[in-house]
Amino acid sequence: MSRKWLLPITIMCFIAGFFLTFQLKVMADISTVNPISERNTNLITIINDLEEEIKKQEELIGETRDNLDKIQEEQIKGRLQELQDSLKTAKILAGLTPVAGKGIVITVDDNTEGLKANPNDDPNKYIIHYSQLLNIVSELKVGGAEAISINGQRLITTSEIRCVGNLILINTTRIAPPFEISAIGSPRLLTEIVTASELAIMKLSNYPVDLKEAEELIIPAYKGDLQFKYAQTKGEN
Amino acid sequence: MKQKWYLTITVVFLLMGILLSLQFRAQESFASGLTMQRTENLIAMVRDLSNKRQKLSFEILDLTERLTAQKQAERDDKQLVSNIANEMDKLNIITGATELIGPGLTITIDRYMPILYIDIINIVNELWAAGAEAISINDQRITANSAIFYAENSNNVFLTVNNHKIEYPVVIMAIGDAANLEKGLTIPGGIMDNLALFGAYPVLEKKDEITVVARNDTPHFYFLKEYKPEEKSSSENKPAANNQILKD
Numbered sequence: 000m001s002r003k004w005l006l007p008i009t010i011m012c013f014i015a016g017f018f019l020t021f022q023l024k025v026m027a028d029i030s031t032v033n034p035i036s037e038r039n040t041n042l043i044t045i046i047n048d049l050e051e052e053i054k055k056q057e058e059l060i061g062e063t064r065d066n067l068d069k070i071q072e073e074q075i076k077g078r079l080q081e082l083q084d085s086l087k088t089a090k091i092l093a094g095l096t097p098v099a100g101k102g103i104v105i106t107v108d109d110n111t112e113g114l115k116a117n118p119n120d121d122p123n124k125y126i127i128h129y130s131q132l133l134n135i136v137s138e139l140k141v142g143g144a145e146a147i148s149i150n151g152q153r154l155i156t157t158s159e160i161r162c163v164g165n166l167i168l169i170n171t172t173r174i175a176p177p178f179e180i181s182a183i184g185s186p187r188l189l190t191e192i193v194t195a196s197e198l199a200i201m202k203l204s205n206y207p208v209d210l211k212e213a214e215e216l217i218i219p220a221y222k223g224d225l226q227f228k229y230a231q232t233k234g235e236n
Numbered sequence: 000m001k002q003k004w005y006l007t008i009t010v011v012f013l014l015m016g017i018l019l020s021l022q023f024r025a026q027e028s029f030a031s032g033l034t035m036q037r038t039e040n041l042i043a044m045v046r047d048l049s050n051k052r053q054k055l056s057f058e059i060l061d062l063t064e065r066l067t068a069q070k071q072a073e074r075d076d077k078q079l080v081s082n083i084a085n086e087m088d089k090l091n092i093i094t095g096a097t098e099l100i101g102p103g104l105t106i107t108i109d110r111y112m113p114i115l116y117i118d119i120i121n122i123v124n125e126l127w128a129a130g131a132e133a134i135s136i137n138d139q140r141i142t143a144n145s146a147i148f149y150a151e152n153s154n155n156v157f158l159t160v161n162n163h164k165i166e167y168p169v170v171i172m173a174i175g176d177a178a179n180l181e182k183g184l185t186i187p188g189g190i191m192d193n194l195a196l197f198g199a200y201p202v203l204e205k206k207d208e209i210t211v212v213a214r215n216d217t218p219h220f221y222f223l224k225e226y227k228p229e230e231k232s233s234s235e236n237k238p239a240a241n242n243q244i245l246k247d
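Heads up: the protein sequence lines correspond to chains A and B, in order.
Position 159 of the first sequence, counted from 1, bears residue number 158 in numbering that gives the first Met the number 0, the numbering being contiguous throughout.
Position 13 of the second sequence, counted from 1, bears residue number 12 in numbering that gives the first Met the number 0, the numbering being contiguous throughout.
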């Protein structure tokens with residue numbers, strides 16, 4: 000009789016043990032990554048503040064550019080049409096206007112299932128790296144993509160795709176998985192080229208990959224700066 | 000009686016255990032968050048974001064000034080034209096419409112280096128990340144739409160940029176802060192280290208003045224049109240398709 004309560008106690012201890020090891024493991028992970036975690040907390044606060052401020056600045060820039068466009072259009076209406084047209088073309092080429100058109104949307108994500116199944120494996124084999132995004136983007140350009148964005152960041156001439164640690168940055172803006180790459184262009188051509196290489200490799204490694212053709216994609220305008228300190232037009236100066 | 004009591008407790012603890020472990024799992028999988036980054040990476044982020052914030056505030060200043068100038072110009076054609084010309088100058092740097100000069104870095108790659116088109120893509124991407132303002136490869140300007148790829152004929156594989164064959168030596172020119180650009184390529188574990196593993200040693204030269212060529216032709220867009228959010232959707236019935244295909 001008296002032995003019957005042994006079972007529940009055993010189970011309880013078992014669970015408590017699991018729980019403790021989990022917690023210890025997580026704590027150990029954090030302490031190896033962040034040796035001075037208080038300092039890191041401060042840095043993270045600074046980063047969050049900066050990102051918030053940058054977001055507001057970019058909104059302001061977007062609004063001001065829209066305003067300028069409207070005033071310009073108003074003032075020029077019916078005159079200087081040629082000048083106005085070439086300005087408009089330049090803005091579209093530069094990526095300062097939102098654009099729409101046919102194209103494809105590629106979604107790729109970290110292979111979290113794979114990591115769960117092999118928790119002791121190197122996590123780097125399961126997360127998306129900037130180089131994979133760079134390869135996909137480069138292929139899209141070969142396929143004649145006319146405009147590209149990743150998670151809402153418009154790619155312009157000077158846009159970089161890079162990482163700091165395992166954070167992926169585009170236009171110095173942090174983007175997180177899942178990554179949605181939108182490209183305007185011939186859906187057939189774009190699909191053909193991307194499915195032939197990087198996406199195929201990613202699929203083989205069991206990354207969740209999805210590709211959809213779209214009749215009308217909208218790609219947002221670039222809202223960052225156009226500040227140049229070094230480049231000068233030849234002939235002037 | 001007693002047994003039932005234990006059973007309840009067991010179930011409650013079991014549920015708690017599952018819940019907690021799930022939560023930890025969730026935290027673990029969010030490895031791309033800031034909390035999992037090393038201190039030096041967080042410091043790099045703060046530095047980059049501060050730089051960006053500064054550039055954005057300059058941009059805001061610029062735009063505000065232009066807004067004022069534009070309002071003052073009213074119907075003064077001369078003023079309007081000069082305002083637009085100023086704006087075009089800036090846009091032309093991005094779109095590659097004009098030839099540019101400035102300080103910068105040149106990267107020279109000869110025929111015998113084991114370098115693939117993918118390495119060129121990486122070098123160019125690294126240069127943008129290091130603050131390059133304009134880049135060309137031989138006689139081809141790099142723009143948002145530039146394709147860097149390869150082509151092959153019966154006995155050769157060669158690099159192509161904008162669908163043009165690139166001859167050796169391949170010279171990448173990047174206008175910007177020469178020291179920063181060089182640092183971007185030569186940081187330990189960076190692209191130069193990587194290429195060295197394959198026995199490729201591109202030659203880097205910092206220059207006081209380099210010339211980056213203008214693009215050869217205006218890209219023609221067949222699928223893309225300017226997107227106008229609602230506003231006019233009542234007067235024009237939906238997208239005024241194709242009438243905004245870019246022409247020069």
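To be clear, the hints were calculated from the coordinates, so they are not data collected in a lab.
There's no promise every hint is true.
To be verified - Each computed DSS-like pair below joins lysine-lysine, with the alpha-carbon atoms no more than 30 Å apart:
hint, chain 1, residue 1, chain 2, residue 2
1, B, K182, A, K115
2, B, K77, B, K89
3, A, K55, B, K77
4, B, K227, A, K233
5, A, K124, B, K182
6, B, K54, B, K164
7, A, K69, A, K90
8, A, K76, B, K206
Said to hold, decoys possible - Covered stretches of chain B, as calculated for chain A (at least 3 residues, CB under 8 Å):
hint, segment
9, 34-45
10, 98-108
11, 123-136
12, 142-150
13, 163-174
14, 194-203
Keep in mind it's a predicted model, so treat the numbers as computed, not measured.
We put the beta carbon where it would ideally sit given N, CA and C, even for glycine.
*Are three or more residues of the segment 163-174 of chain B within 8 Å, CB to CB, of chain A?*
violated (count 1)
_Coverage assertion for the segment 98-108 of chain B with respect to chain A, Cβ distance below 8 Å, three residues required_ = holds (count 6)
*According to a criterion of three or more residues whose C-beta lies within less than 8 Å of a C-beta of chain A, is the segment 194-203 of chain B covered?*
violated (count 0)
_How does the segment 142-150 of chain B fare against chain A when you require at least three residues with a CB closer than 8 Å, holds or violated?_
holds (count 7)
*Within a Cα-Cα threshold of 30 Å, do K69 of chain A and K90 of chain A meet the stated pairing?*
Holds: K69 of chain A and K90 of chain A sit about 14 Å apart, inside 30 Å.
*asked:* Given the hinted pair K54 of chain B and K164 of chain B, is their Cα-Cα distance within 30 Å?
replied: 36 Å, violated
*Between K55 of chain A and K77 of chain B, is the straight-line Cα distance small enough, at 30 Å or below?*
34 Å, violated
_Straight-line alpha-carbon gap K77 of chain B to K89 of chain B, limit 30 Å_ = With Cα atoms ~19 Å apart, K77 of chain B and K89 of chain B stay inside 30 Å; holds.
*K182 of chain B and K115 of chain A: Cα distance at most 30 Å?*
38 Å, violated
*Is K227 of chain B close enough to K233 of chain A, meaning Cα to Cα at most 30 Å?*
35 Å, violated
*Between K124 of chain A and K182 of chain B, is the straight-line Cα distance small enough, at 30 Å or below?*
Roughly 28 Å between the alpha carbons, so the hint for K124 of chain A and K182 of chain B holds.
*Starting from K76 of chain A, check that the Cα of K206 of chain B is at most 30 Å away, please.*
At roughly 45 Å apart (the allowed maximum being 30 Å), K206 of chain B and K76 of chain A break the hint.
When held up to the earlier numbered hints, the structure conflicts with 1, 3, 4, 6, 8, 13, 14 and fits the remainder.
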